[in-house]
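S.K.: Spelled out from the first residue to the last, the chains are:
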Amino acid sequence: MTATETAVETVDLTDTPIRELNQRLHDAAEGGPQRWRIIHPGGIHAIAAGVNAPLEIDIDGHVGYYCAGMNKEAQVRIHGSAGVGLAENIMSGSVIVDGDASQSAAATGRGGLVVVRGNAAARCGISMKGVNIVVEGNVGHLSGFMAQKGALVVCGDAGEALGDSIYETHIYVRGSVAELGADCIEKEFGDFHLAELTGLLAEAGVDCDAADFKRYGSARKLYNFDIDNADAY
Amino acid sequence: MADHGEGPAGGIGMRESALFDRNVIHEIQRKAREGIYDIRGFGAKRKVPHFDDLLMLGASVSRYPLEGYRERCNTAVTLGTRFAKNPIELDIPITIAGMSFGALSAQAKEALGRGATVVGTSTTTGDGGMTEEERGHSEKLVYQLLPSRYGMNPDDLRRADAIEVVIGQGAKPGGGGMLLGQKISDRVAEMRDLPKGIDQRSACRHPDWTGPDDLEIKIGELREITDWRVPIYVKIAASRPYFDVALAVKAGADVVVLDGMEGGTAATQDVFIEHVGIPIMSAIPEAVDSLKELGMHRKVQLIVSGGIRTGADVAKALALGADAVSIGVAAIIALGDNAPEYQEEYEKLGSSAGYYDAWHEGRDPAGISTQDEELGKRFNAELGGRRLANYLRAMVLETQTLARACGKSDVRNLEPEDLVGLTIEAAAMARVPLAGTKWIPGLDGKTG
Chain A
1 MTATETAVET
11 VDLTDTPIRE
21 LNQRLHDAAE
31 GGPQRWRIIH
41 PGGIHAIAAG
51 VNAPLEIDID
61 GHVGYYCAGM
71 NKEAQVRIHG
81 SAGVGLAENI
91 MSGSVIVDGD
101 ASQSAAATGR
111 GGLVVVRGNA
121 AARCGISMKG
131 VNIVVEGNVG
141 HLSGFMAQKG
151 ALVVCGDAGE
161 ALGDSIYETH
171 IYVRGSVAEL
181 GADCIEKEFG
191 DFHLAELTGL
201 LAEAGVDCDA
211 ADFKRYGSAR
221 KLYNFDIDNA
231 DAY
Chain B
1 MADHGEGPAG
11 GIGMRESALF
21 DRNVIHEIQR
31 KAREGIYDIR
41 GFGAKRKVPH
51 FDDLLMLGAS
61 VSRYPLEGYR
71 ERCNTAVTLG
81 TRFAKNPIEL
91 DIPITIAGMS
101 FGALSAQAKE
111 ALGRGATVVG
121 TSTTTGDGGM
131 TEEERGHSEK
141 LVYQLLPSRY
151 GMNPDDLRRA
161 DAIEVVIGQG
171 AKPGGGGMLL
181 GQKISDRVAE
191 MRDLPKGIDQ
201 RSACRHPDWT
211 GPDDLEIKIG
221 ELREITDWRV
231 PIYVKIAASR
241 PYFDVALAVK
251 AGADVVVLDG
261 MEGGTAATQD
271 VFIEHVGIPI
281 MSAIPEAVDS
291 LKELGMHRKV
301 QLIVSGGIRT
311 GADVAKALAL
321 GADAVSIGVA
331 AIIALGDNAP
341 EYQEEYEKLG
351 SSAGYYDAWH
361 EGRDPAGIST
371 QDEELGKRFN
381 AELGGRRLAN
391 YLRAMVLETQ
401 TLARACGKSD
411 VRNLEPEDLV
421 GLTIEAAAMA
431 RVPLAGTKWI
441 PGLDGKTG
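If you read the protein sequences in the order shown, they are chains A and B. Residues in the first sequence are numbered from 1 upward in steps of one, following our numbering. Residues in the second sequence are numbered from 1 upward in steps of one, following our numbering.
Calculated directly from the structure, the hints in this document are not laboratory data. Note that the coordinates shown come from a computational prediction; the quantities given were computed from them, not determined experimentally. Check the hints yourself; a few may be wrong.
In the BS3-like style, the derived pairs of lysine-lysine whose C-alpha atoms are separated by at most 30 Å in a straight line are [as the list claims (entries may be wrong)]: (1) B/LYS47 to B/LYS438; (2) B/LYS196 to A/LYS187; (3) B/LYS196 to A/LYS72.
Covered stretches of chain A, as calculated for chain B (at least 3 residues, CB under 8 Å) [stated by the list, open to error]: (4) 20-27; (5) 57-69; (6) 72-85; (7) 101-111; (8) 127-135; (9) 160-172.
Glycine included, C-beta positions come from ideal geometry on N, C-alpha and C.
Whole structure, please, built from the sequences with the hints as guidance.
M.R.: This is the structure in structure tokens:
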């Protein structure tokens with residue numbers, strides 16, 4: 001790496017338009033600074049959306065909607081809380097939030113890791129397609145709705161309708177579950193799941209015992225329409 | 001309602017009920033037997049007020065016509081001029097609507113791209129992501145962002161020529177989608193991150209935004225991801241177009257796509273297709289009113305769809321204020337769907353050429369609405385593309401013929417003044433006078 005690439009590029013969003021910041025982050029895929037520090041985010045939307053390179057991005061403060069949306073390869077750390085749609089459709093890399101995350105965190109994510117140190121609101125991991133999500137606190141209602149692939153780890157409690165209409169995502173919850181959604185059931189916790197969960201907790205830097213969790217997943221009764229299951233629709 | 005054939009012939013003294021006709025009786029019996037509503041493809045089959053109920057007023061003494069074949073009549077249109085760095089420039093005002101790989105075979109998607117490209121227009125992805133075939137053969141490709149987000153990724157966003165945020169579909173305003181398990185091949189399953197062979201449900205609401213304020217922020221994110229290069233369309237189903245168009249514009253749309261209840265579908269409940277939404281002819285004036293009140297007519301372009309079949313439909317839609325139209329069912333038919341050459345096989349499926357609508361089942365003899373490899377091989381993408389191009393060219397010639405007859409040197413110069421209603425309903429919906437009168441029904445005594 002050159003000196004330019006290893007130096008930390010600091011961007012102050014009080015005097016830099018978000019459009020300019022994101023353009024520079026996108027351009028960084030072709031070279032230039034690889035480590036970024038963004039200050040005074042002030043709840044601005046779409047910070048670091050569409051980053052397409054293995055950048056290290058630290059954001060000092062709270063962010064608005066869709067921070068790190070569709071992230072590829074970058075390691076994004078938010079030293080604050082995040083608004084709606086954190087890391088939506090993330091492809092790879094990681095996004096870590098020190099505070100809380102609003103609704104639809106990691107929605108439709110297809111890969112990578114999203115960690116929320118605080119709580120995540122409703123619809124965490126909605127329609128997730130391969131991302132792994134670790135929430136140290138609680139998640140709100142309809143988390144894991146229509147979740148397709150990947151794993152959702154909840155170290156606290158889960159709200160109503162957890163995993164409603166779930167496909168093949170693995171959901172792990174350490175605390176209570178207010179209510180399971182349609183076609184979501186508690187499932188056996190085998191060696192594979194213990195290893196998967198242990199690995200995810202370690203990757204997220206969370207100090208929890210995997211043996212304290214229960215696993216939830218699909219009963220697969222809604223996979224092909226059957227009139228006898230009409231009450232579940 | 002599904003087609004069930006004519007059944008036994010009636011005779012003198014055998015009076016068929018208007019309410020309980022043979023189709024209704026058949027459907028009641030089928031529901032009693034199977035316990036499920038009817039799901040099918042195609043679009044609305046009931047008769048609704050449509051462009052056929054409007055007539056165009058050709059020029060005579062009070063208007064000069066343009067010489068057919070001699071005097072220029074422009075058909076080009078530019079879409080997405082509001083915010084995008086790179087608006088889409090089309091040679092013709094007819095685009096190909098979003099249809100998914102999954103609903104359609106890869107060969108059919110390729111043919112749509114081929115045909116559209118030859119005549120200089122765009123085609124659109126669907127609820128299954130972008131395939132290499134369609135990207136490779138579509139010079140101008142619109143990439144849909146749907147609630148399911150199947151296959152969504154930033155690389156495809158960046159190589160799209162426009163992005164279409166799909167909020168609704170005319171065949172099912174307020175409804176999601178369903179691709180039945182029998183159409184889920186290995187490739188479709190992989191693109192959608194789901195197991196093979198299971199029904200794939202598509203949600204009716206987007207997973208990461210609710211309401212118009214969120215939509216504005218979502219559009220902002222898409223612009224950031226694509227560095228503000230490409231236009232962003234918002235597609236809505238025609239139900240409350242005056243308000244929905246206004247909110248789409250407020251949210252930052254470059255283009256609004258308005259899909260009437262006649263719009264096609266690959267798989268939707270019949271009750272949805274036939275009973276929800278409003279005809280496109282009635283929706284356009286409301287949408288145009290909304291745009292004009294915001295000072296955005298022609299600045300935010302309006303694409304309309306739903307039952308567009310001929311150049312006459314195109315001309316009338318443009319005259320009501322649309323900038324372009326979009327076709328789906330008609331394009332599929334142009335490719336070869338419902339072709340008489342497969343009559344025998346349609347009959348084996350309990351249907352007939354001209355009636356076949358079981359696009360959801362994946363057994364299309366024409367190899368279009370299927371994922372069956374053998375059926376798919378029957379379809380020649382090159383030939384299909386040529387047929388589509390021929391059809392589009394013929395429609396454009398028809399549109400120009402009518403525009404010239406009305407004295408227009410640009411098809412988008414057609415205006416409501418060029419139209420009259422053939423029925424009271426059509427006149428009221430299109431807000432044009434009933435033919436031979438100055439009466440525009442529904443305008444509280446105003447004459448327009």
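S.K.: List in ascending order the numbers of the hints, as given earlier, that are violated by the structure.
M.R.: No hint contradicted; all consistent.
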